[in-house]
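**Q** The primary structure of each chain is shown beneath.
Protein chains: 4
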Amino acid sequence: MKKVCLVIGSGAGVGGNVAKRFAREGFHVYLCRRTDQDGLNKLINEIEADDGVASGSLLNVIDENSIEDIVNHIEKEIGPIEVAVYNIGAQIGNRDLKDTSYKAFEMGWRMATFGLFRLAQVLTPLMEERKSGTILVTSATSAVRGNKGQISHASAMAGRRMICQSLNAEFASKNIHIAHIIIDGAVDAPDTLGKMLGEENFQKLRETKGMENDGLLVPEKIAETYWHIAQQHRSSWTHEIDIRSFSDQAWWNT
Amino acid sequence: MKKVCLVIGSGAGVGGNVAKRFAREGFHVYLCRRTDQDGLNKLINEIEADDGVASGSLLNVIDENSIEDIVNHIEKEIGPIEVAVYNIGAQIGNRDLKDTSYKAFEMGWRMATFGLFRLAQVLTPLMEERKSGTILVTSATSAVRGNKGQISHASAMAGRRMICQSLNAEFASKNIHIAHIIIDGAVDAPDTLGKMLGEENFQKLRETKGMENDGLLVPEKIAETYWHIAQQHRSSWTHEIDIRSFSDQAWWNT
Amino acid sequence: MKKVCLVIGSGAGVGGNVAKRFAREGFHVYLCRRTDQDGLNKLINEIEADDGVASGSLLNVIDENSIEDIVNHIEKEIGPIEVAVYNIGAQIGNRDLKDTSYKAFEMGWRMATFGLFRLAQVLTPLMEERKSGTILVTSATSAVRGNKGQISHASAMAGRRMICQSLNAEFASKNIHIAHIIIDGAVDAPDTLGKMLGEENFQKLRETKGMENDGLLVPEKIAETYWHIAQQHRSSWTHEIDIRSFSDQAWWNT
Amino acid sequence: MKKVCLVIGSGAGVGGNVAKRFAREGFHVYLCRRTDQDGLNKLINEIEADDGVASGSLLNVIDENSIEDIVNHIEKEIGPIEVAVYNIGAQIGNRDLKDTSYKAFEMGWRMATFGLFRLAQVLTPLMEERKSGTILVTSATSAVRGNKGQISHASAMAGRRMICQSLNAEFASKNIHIAHIIIDGAVDAPDTLGKMLGEENFQKLRETKGMENDGLLVPEKIAETYWHIAQQHRSSWTHEIDIRSFSDQAWWNT
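Protein chains in written order, with the numbering used here: chain V, 1 to 254; chain S, 1 to 254; chain Y, 1 to 254; chain E, 1 to 254.
Hints listed in this document are in silico derivations from the structure and should not be mistaken for laboratory results. Note that the structure is predicted; figures quoted are calculated from it, not measured. Check each hint, because a few of them may be wrong.
Just so you know, same-sequence chains aren't split out, so a pair can sit in one copy or run between any two.
Using 25 Å as the maximum straight-line C-alpha spacing, the simulated PhoX-like pairs for lysine-lysine come out as follows [as the list claims (entries may be wrong)]:
#: 1; residue 1: Lys174; residue 2: Lys148
#: 2; residue 1: Lys131; residue 2: Lys209
#: 3; residue 1: Lys3; residue 2: Lys221
#: 4; residue 1: Lys174; residue 2: Lys2
#: 5; residue 1: Lys131; residue 2: Lys221
#: 6; residue 1: Lys209; residue 2: Lys148
#: 7; residue 1: Lys209; residue 2: Lys174
#: 8; residue 1: Lys148; residue 2: Lys195
#: 9; residue 1: Lys148; residue 2: Lys131
#: 10; residue 1: Lys209; residue 2: Lys195
#: 11; residue 1: Lys204; residue 2: Lys174
#: 12; residue 1: Lys103; residue 2: Lys221
#: 13; residue 1: Lys131; residue 2: Lys103
#: 14; residue 1: Lys98; residue 2: Lys131
#: 15; residue 1: Lys3; residue 2: Lys131
#: 16; residue 1: Lys42; residue 2: Lys98
#: 17; residue 1: Lys221; residue 2: Lys174
Next up, chain V with everything else stripped away, as it sits in the complex (with noise of 0.2 Å):
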């Protein structure tokens, strides 16, 4: 059986791009995301163009037992995960308060915070059993301060970085590696901020500030800092790191 890396949250951006950079290192990688069968279609497609490994289907965390079932699923059938990305966002963009309903509050909660929770109840007794796993977190600037808009996403968000710390001081010794990964931007991802701005402003941007100047993170170049962490030595595990364009100023000077 190979060994599988399940990448929840795989569009076109970061999810994506860590999957084929996993892929071309002999993993079987399992791809989640919650709609667009056909972007999960073209994506596996492009990793077995190139010579890799991947399955995958829709996913909407948010579902009871989905999280679950899918790791229970390709424990089974596919192999034993040994790397595991959560790369859900629960960005809304900029809203004040009275603009944050008690629903997209609780919706960041459950996709941010209680989607992790979920997935490391199941799939930390299997990691244990082999005494070996990777947990790779996606976060953002909003899990280490609040701001004006970002309520519920800073709320959500800090609560994934606890889950975070909790972990590794409950399983790093057990020889489990979690990460909390701050991208600390915007990323060049279509399926995201592609789909927040629209086409034609997000491709201003790339045009203005991307391209140009490297100002957006490039997804393929954050994959290989993903893949760097999960190649750590024990003796040598990184449990924060932060991540951000050359000509942006850190989340503390802006």
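Add chains S, Y and E to chain V, keeping to what the hints say.
**A** Okay, now just chains S, Y and E, sitting in the frame of chain V:
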């Protein structure tokens, strides 16, 4: 109409003592706690015996509309809520991941995080209209670092902290002061710590760590700092403060 | 003998106002500033006119033995220093790296960092013997994040913050309370901000940002929080607190 | 001319292993350490035996012009310094305040803080002209929290951290990448830890905590992460990262 101080979570620890402190300054204090009508009555009686004005009701913050209804009731029947104290804890003791049920994790979020969000939703429009208001939020070490056994508590409290930061970013300039108060240690509180430890162990702890050397935080002393923060001039507001016993190490040293 | 409050760095801003606050509570306040004997005399006269007791002398903290000698002088001639306020700033305005001379960088460290270390060296043995004491340390945003143009200031202030944390870890349990007070904004202080901006610009800033909307921190209001921290019961001590104007964004948002 | 990697502080631990890693990638590595010409020669020989190119010299960073002269010498005689590694420690073991002399405190600052400032002063103009460069800064837990006995180390390392943040804010957009690398644990390094503990105790520690369970950070593994950071694409730079053994708790938990 008298100005009101609403205390959500007012047992015999921090909440009750903050209530007494504000009552002594002329506030009508409105007390809410989840259970124990007798305890609630006792606290009201003590405040009245001290020439204060108090009323209250049992309130389960996780019930739909519970917080919203009580705020509207107070504003209509008693007076404007000038100060609200959100003092709901969500500590469930140290539990390994596998012993932290989905239900417990969600409950932690509903109490520690979502409840404060709902309070802000219903209260800030009223405060904004009055161009004045204070929200004092009790928090814990878990808001700033995860730990073994604290996955539910840390995740929920970090969410609480980011709510406070996001509220300040949106509402400080509208003259609404939100303070995130990190209580970094065990409070000498019979209703929470006492129940968690059992009467005998609690009494033993008080006699050794507590009375002997002030190693438990004394809630009536903490209340002085709550009062101070609520009185700060708006040119000089505190957003975050930590409080611990002189005989304890700070969380970053233990 | 009267108990003494020593204020190192007592111009017309935070230092002078903290001095007045403690004088009103019965302390003999001893005032030190680097230059301006007239300003020093004026402050002493104001305190005495308000029925307080004050004395003082010019003191350059970077001079060898300056701090050590003054502490010993006060302890011998006036009374035990119950409270010390270290209020020496080291802001030199925004300077690019190339415009920050070795001398300026070292000077920043001598004033902001080394001076506090020396004060602690000479004062803590006396406080330890008396089993009591408080050291209040004024600090700045730069203590918690670096920024363009702030390399000298940030480096020195972060060093100051770690001194405070290390002192608390060693001396809190000996009943010596050290507090690190982050003033996150511009203070309405003629001796520092005023001199940096020039009289005309300072007056303009006061009239627009300051008086109009309390956008400058008012030092006599800040002094209330210094007094409060010095009065906290030892079961409930604050190690770190931030203070900013209601109309400003917190440093993590700007 | 070959591109150069300058390693200031290159004993048999992190510095030496980072040097070897960069030599394997084709850099001319220039090694500096304070003492032990034999150790320096041995490292150069090892690198050359591995087909690398290395040279070096003894360097005491606290000596006037020492860093400045060596940088100018390398740039003139060997080649452009593409990467500089500042790997000077300043740990002096746990010392109470009263046992930390003024001289030791100042020495800590000269080594940990001022030396990096001087390196940046002499190197960044050259890198700015070349529109390219990387400065990797080894740091320690003490950079983010003070502790009993660590007043000198913590104060100096926190200053170091703020230098890094300030440099990034000024130079990242000029394509100069500065990374602050927090090594949160004991490194298996004979030249530093070994000398601090004595040979026998060090060997015992290696055999128990180290080899058995990778409880000491293995410097050649750490070097992989240094190399990775130096290779990050400029759209995806890391400013801060932590590294610790899987079997240790993070600093915020211990």
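**Q** Does each hint hold? Answer for all of them.
**A** A quick look at each hint next to the structure:
1. Lys174 - Lys148: Classified as between: cross-chain Cα gap 13 Å, same-chain 40 Å, threshold 25 Å.
2. Lys131 - Lys209: The answer is between: 19 Å across copies meets 25 Å, while 44 Å in one copy does not.
3. Lys3 - Lys221: This pair counts as both: shortest intra-copy Cα distance 23 Å, inter-copy 23 Å.
4. Lys174 - Lys2: So Lys174 and Lys2 pass the 25 Å test inside one copy only (22 Å; across, 44 Å).
5. Lys131 - Lys221: For Lys131 and Lys221, only the inter-copy Cα distance (20 Å) is at most 25 Å; the intra-copy one is 30 Å.
6. Lys209 - Lys148: both (24 Å within a copy, 21 Å between copies)
7. Lys209 - Lys174: Answer is between; shortest inter-copy Cα gap is 15 Å, intra-copy 43 Å.
8. Lys148 - Lys195: Only inside one copy: Lys148 and Lys195 sit 22 Å apart there, 34 Å across copies, limit 25 Å.
9. Lys148 - Lys131: between (43 Å within a copy, 18 Å between copies)
10. Lys209 - Lys195: Answer is within: at 17 Å inside a copy they meet the 25 Å cutoff, but 40 Å across does not.
11. Lys204 - Lys174: The answer is between: 23 Å across copies meets 25 Å, while 47 Å in one copy does not.
12. Lys103 - Lys221: neither (35 Å within a copy, 39 Å between copies)
13. Lys131 - Lys103: This pair counts as neither: shortest intra-copy Cα distance 39 Å, inter-copy 28 Å.
14. Lys98 - Lys131: This pair counts as between: shortest inter-copy Cα distance 16 Å, intra-copy 47 Å.
15. Lys3 - Lys131: within (14 Å within a copy, 42 Å between copies)
16. Lys42 - Lys98: neither (40 Å within a copy, 37 Å between copies)
17. Lys221 - Lys174: Answer is between: at 19 Å across copies they meet the 25 Å cutoff, but 30 Å inside does not.
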